[in-house]
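Please work from the sequences and hints to get the whole structure.
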Amino acid sequence: MTETTSIEDQVISIVCEQLSASREKVSLDSSFIQDLGADSLDQVELVMEFEEAFKERAKTEFGKEMVIPEGDAESLSTVGSAVDFITDFFAGNGPSAEEGTPETESGSEEAPADEGPAEEAPDEEGTPDAGSDSAGVPKEPESDSQTEA
Amino acid sequence: MHRVVITGLGTVNSLGTGVRVCWPRMLAGENGVTLITKFDASEHTARIEGAVHWDPGEHFSGAEQRKLDPFTMFALLSTQEALADAGLGEIRDLPESGRERFGAILGTGIGGITGILEQEKVYVARGARRVSPHFVPRIMANAVSGQVAIANGLLGTVFTTSSACASSGHAIGLAFQSIRHGESDLIVTGGAESSTTPLALAGFCSARAVSTRNEEPELASRPFDKDRDGFVMGEGCGILILEELEHAKARGARIYAEVKGYGSTDDAHHITAPREDGAGPSRAMHLALTQGGLAPEDVDYINAHGTSTLYNDAIETRAIRSTFGSHADSLMVSSTKSMIGHCLGASSAVELVVTALSIHEGVVHPTRNYSTPDPDCDLDYIPGEARQVNVRNALSNSLGFGGHNVSLLVGQLD
Numbered sequence: 046m047t048e049t050t051s052i053e054d055q056v057i058s059i060v061c062e063q064l065s066a067s068r069e070k071v072s073l074d075s076s077f078i079q080d081l082g083a084d085s086l087d088q089v090e091l092v093m094e095f096e097e098a099f100k101e102r103a104k105t106e107f108g109k110e111m112v113i114p115e116g117d118a119e120s121l122s123t124v125g126s127a128v129d130f131i132t133d134f135f136a137g138n139g140p141s142a143e144e145g146t147p148e149t150e151s152g153s154e155e156a157p158a159d160e161g162p163a164e165e166a167p168d169e170e171g172t173p174d175a176g177s178d179s180a181g182v183p184k185e186p187e188s189d190s191q192t193e194a
Numbered sequence: 029m030h031r032v033v034i035t036g037l038g039t040v041n042s043l044g045t046g047v048r049v050c051w052p053r054m055l056a057g058e059n060g061v062t063l064i065t066k067f068d069a070s071e072h073t074a075r076i077e078g079a080v081h082w083d084p085g086e087h088f089s090g091a092e093q094r095k096l097d098p099f100t101m102f103a104l105l106s107t108q109e110a111l112a113d114a115g116l117g118e119i120r121d122l123p124e125s126g127r128e129r130f131g132a133i134l135g136t137g138i139g140g141i142t143g144i145l146e147q148e149k150v151y152v153a154r155g156a157r158r159v160s161p162h163f164v165p166r167i168m169a170n171a172v173s174g175q176v177a178i179a180n181g182l183l184g185t186v187f188t189t190s191s192a193c194a195s196s197g198h199a200i201g202l203a204f205q206s207i208r209h210g211e212s213d214l215i216v217t218g219g220a221e222s223s224t225t226p227l228a229l230a231g232f233c234s235a236r237a238v239s240t241r242n243e244e245p246e247l248a249s250r251p252f253d254k255d256r257d258g259f260v261m262g263e264g265c266g267i268l269i270l271e272e273l274e275h276a277k278a279r280g281a282r283i284y285a286e287v288k289g290y291g292s293t294d295d296a297h298h299i300t301a302p303r304e305d306g307a308g309p310s311r312a313m314h315l316a317l318t319q320g321g322l323a324p325e326d327v328d329y330i331n332a333h334g335t336s337t338l339y340n341d342a343i344e345t346r347a348i349r350s351t352f353g354s355h356a357d358s359l360m361v362s363s364t365k366s367m368i369g370h371c372l373g374a375s376s377a378v379e380l381v382v383t384a385l386s387i388h389e390g391v392v393h394p395t396r397n398y399s400t401p402d403p404d405c406d407l408d409y410i411p412g413e414a415r416q417v418n419v420r421n422a423l424s425n426s427l428g429f430g431g432h433n434v435s436l437l438v439g440q441l442d
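Sequences listed follow chains A and B, in order.
For the first sequence, the working numbering begins at 46 and goes up steadily by one.
For the second sequence, the working numbering begins at 29 and goes up steadily by one.
Hints may be right or wrong, so weigh each one.
As the list claims (entries may be wrong) - Here are a few chain A residues that face chain B, going by a calculated C-beta distance under 8 angstroms:
id, residue
1, Leu64
2, Val89
3, Met93
Source of the hints: derived by calculation from the structure; they are not laboratory data.
Treat the numbers as computed from the prediction; the structure is a model and nothing was measured.
C-beta atoms are modelled at their ideal positions from N, C-alpha and C, and glycine is treated no differently.
Now the structure itself:
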């Protein structure tokens, strides 16, 4: 609980600062674009700020930075979805650093963040790297060879 | 051909924010030049500037400040002032069809250099992935005109002009032409510059263009004076609302002055030094007069480019004499740069704001720091005090690196 609350607090604080929004206007349901006056560039920058803010913690807990892949970033449209994504990541459920979701053009809905192989040692492909992949290396999100041994 | 008038004014410069603050200070010959404090200039040979002293937070949110370079913020603020001054504070509430012939043409010398240097540091420290998505739209030179258009719903012709120290002179000249030729009814014009960064200042220092009178900043900008040693880097913005005469009259607008002529020439000589004979600026002044259908004797005042460099002031004097002949001795000439420094791409605009006020109010400001005459500069530079005098017509000159010469002729509405 404390963990979730503090992630939520951090996210809200970042949103207020980035969008110059007052605390009262920001709730978990707030849409960055619809409710808080952000445009698409603001949304991209917000994602960068989330990554930056949680960088040290991610490095401490997982040895690598939290990277929010392109496809996921596009679908983080509300405060709550950002909180969920980051919470999932620190619970070990998020996509690992170098995996992206396959190139999605327009952010299509389609249960984004919780897809993908759940918590496994990223062994599928390259080495888990510390966060400097470029967006979306297409991978099969869920091939049938799950629980890869 | 349509007639073009000035119906609104706005400015930000080292003497303050807003015409109401700056103009009285200019008439009093006050100084806006100070030691640089915003960065460590101890290694620079020149350590003084004409800085805008303001808190952007009073006008723009944190989010806006990240997306707008200072030069653009100056322009947005001054445009707001100028439109309100013109009685057009609610311009964006007009129906779209009413704004399709309203444009914005602004000048800047370098654009968003502050943002460029900032993000370069981010890039070097944290890599490509951390460069702000707002970087490009913030630093591009056209941001100033684009953002002014967006803020005010201007659907007509909108773009930025650039010609170093003549940038806003060209912007105003093109705005004049656009209305004159029937393309537009109203144009927000002028220019903005905020480039006093360690790198840019170092460049000017290396080029030996700037005054190094660091122990006495208030005496450093001394156009036409024998002891002048270079210009003082400044920043700021000037905005003028140019409007088609009948359009202005129909809405009962207050008219400051009429824009009567515009001359634009180049020296084609050297990338920083003006041609010695002053033929370029002389031709520009002559073109402006001819377009306005006026003779040299019809001009009372010249707001000179007057940078306080050895070459400009002497050559500009020569050019004035060449254009005006014997009437040159009856002219009053002053340099606004003597007080606020050189606002580079914004200078022509700030100076035309000043010139329009002079015509409207019948008073001309002095050239500050003029104490020792130079035989090469032998005109009446209005030393000491402002003068109450009827100004029928005036010229405002701007000469930019690259040999660009602009002369704008403005005068009382006949």
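Now for the hints, and whether the structure bears them out:
1. Leu64: holds, 6 angstroms
2. Val89: Holds, because the Cβ-Cβ distance from A:Val89 to chain B comes to roughly 4 angstroms (cut-off 8 angstroms).
3. Met93: holds, 6 angstroms
Of the numbered hints listed earlier, not one is contradicted by the structure.
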